[in-house]
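Turn these sequences into a full structure, and let the hints guide you.
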Amino acid sequence: MNLSKHFLATRKHTQAICQPLTIEDHVVQVAIFASPAKWHLAHTTWFFETFILKVYATQFKEFHKDFNFLFNSYYNNAGDRVFRADRGNMTRPGVEEIYNYRNYVDKAMLELIGNNSNESLKELITLGIHHEQQHQELLLTDIKYMLGHNPLFPVYHQSALLKNEENEESGFHFQKEGVYEIGFQGTGFSYDNELGVHKVYLHDFEINKALVTNEEYCQFIADGGYTNFNLWLDEGWSWVQANNINAPLYWHKIKGEWHHYTLAGLQKIEPKSIVKHISFYEAAALAEWKGMRLPTEFEWEVAAENLNWGKRWEWTNSAYLPYPNFNKAEGAIGEYNGKFMINQMVLRGASTATSPNHSRKTYRNFFHPDARWQFTGIRLVK
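The sequence shown begins at 633 in our numbering and counts up by one.
Simulated from the structure, these hints should not be mistaken for laboratory data.
Accuracy of the hints is not assured; some may be wrong.
The calculated lysine-lysine pairs, modelled on DSSO-like cross-linking and capped at a C-alpha distance of 27 angstroms, are [said to hold, decoys possible]:
| id | residue 1 | residue 2 |
| --- | --- | --- |
| 1 | Lys960 | Lys1014 |
| 2 | Lys960 | Lys887 |
| 3 | Lys686 | Lys697 |
| 4 | Lys960 | Lys900 |
| 5 | Lys739 | Lys644 |
| 6 | Lys1014 | Lys808 |
| 7 | Lys686 | Lys644 |
| 8 | Lys697 | Lys739 |
Bear in mind the structure is a predicted one, so any value in this text is a computation, not a measurement.
Printed below as a string of structure tokens:
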């Protein structure tokens, strides 16, 4: 796919995710970590306007003088910005104006792409496309978090119940000890946090070909998993106690049966489906209960060729840290990944909410250990 088509297809996909929403749905912010749909639509547009059009398109005029302040996320080099928790307070500009903003920037971007063959520019546009694909998954999960906290459990879309959520394999894959290379190699796009190819030594290990299911997780709950402090990391136990956690996110016990909120509305738990919306704390406790552990991100990457992955973001037991020889880009783009390498855990794989062609075995996702609104799951090692 050429760059213009890739750009346009990505931009249209973001708007297609928002198509089932009402105008009111576009504005709500339920939690500080879950941004409104309108903000995602504008921020992904701001990225192209700020880092590409204002720099490379000499005749370009910014759409609105306040949008840099309103829709900058965390780029200190790009100027002041709205406090993250206040994104839902921005009833103005309206949703219609944000779609006009997208159309304005899209037109300018397509003109720029058509009239320029600069390789550095192409690389930056490709980064912007992948940035928007990241936000597409965040957008979908933020929409689910918003609707999942509506007391009516409204349907996002009748056909949105994600299929093929059962494991297709069972048993364990044995990985022999040895020295292995880690990190992105070859051609194509990757993020800077995947770079710095280096060697690691791994001992023998066996990794489950299947992810933990709802049925297994129900057994964990029934066996007192959330009341046995011996299973939990100290921080995790404090989190359970402080937040009165007794089940995965979106789970509700109704007349003695577990249900969960899905994008297609409230549904009964399917025992054989892969469990999702799990925090690192819960994943670690489940692993302890099973007498196993979570894989390191290096074990996961080495074993990935022998695993059926991509249905859940899988927690690893690795802290999010830079690889050897990691280098940050200059300026605002350098803030993209590097400054978050503290107090977060790495997840590997992808999920059923990940945009098409946006996954690879070296991809390093990262969240705080208590995060569970993404489509996160558990794979165990013994």
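The hints, checked one at a time:
{"no.": "1", "hint": "Lys960 with Lys1014", "result": "violated (36 angstroms)"}
{"no.": "2", "hint": "Lys960 with Lys887", "result": "violated (53 angstroms)"}
{"no.": "3", "hint": "Lys686 with Lys697", "result": "holds (12 angstroms)"}
{"no.": "4", "hint": "Lys960 with Lys900", "result": "violated (46 angstroms)"}
{"no.": "5", "hint": "Lys739 with Lys644", "result": "holds (13 angstroms)"}
{"no.": "6", "hint": "Lys1014 with Lys808", "result": "holds (13 angstroms)"}
{"no.": "7", "hint": "Lys686 with Lys644", "result": "holds (22 angstroms)"}
{"no.": "8", "hint": "Lys697 with Lys739", "result": "holds (19 angstroms)"}
Checked against the numbered hints above, the structure violates hints 1, 2 and 4; every other hint is satisfied.
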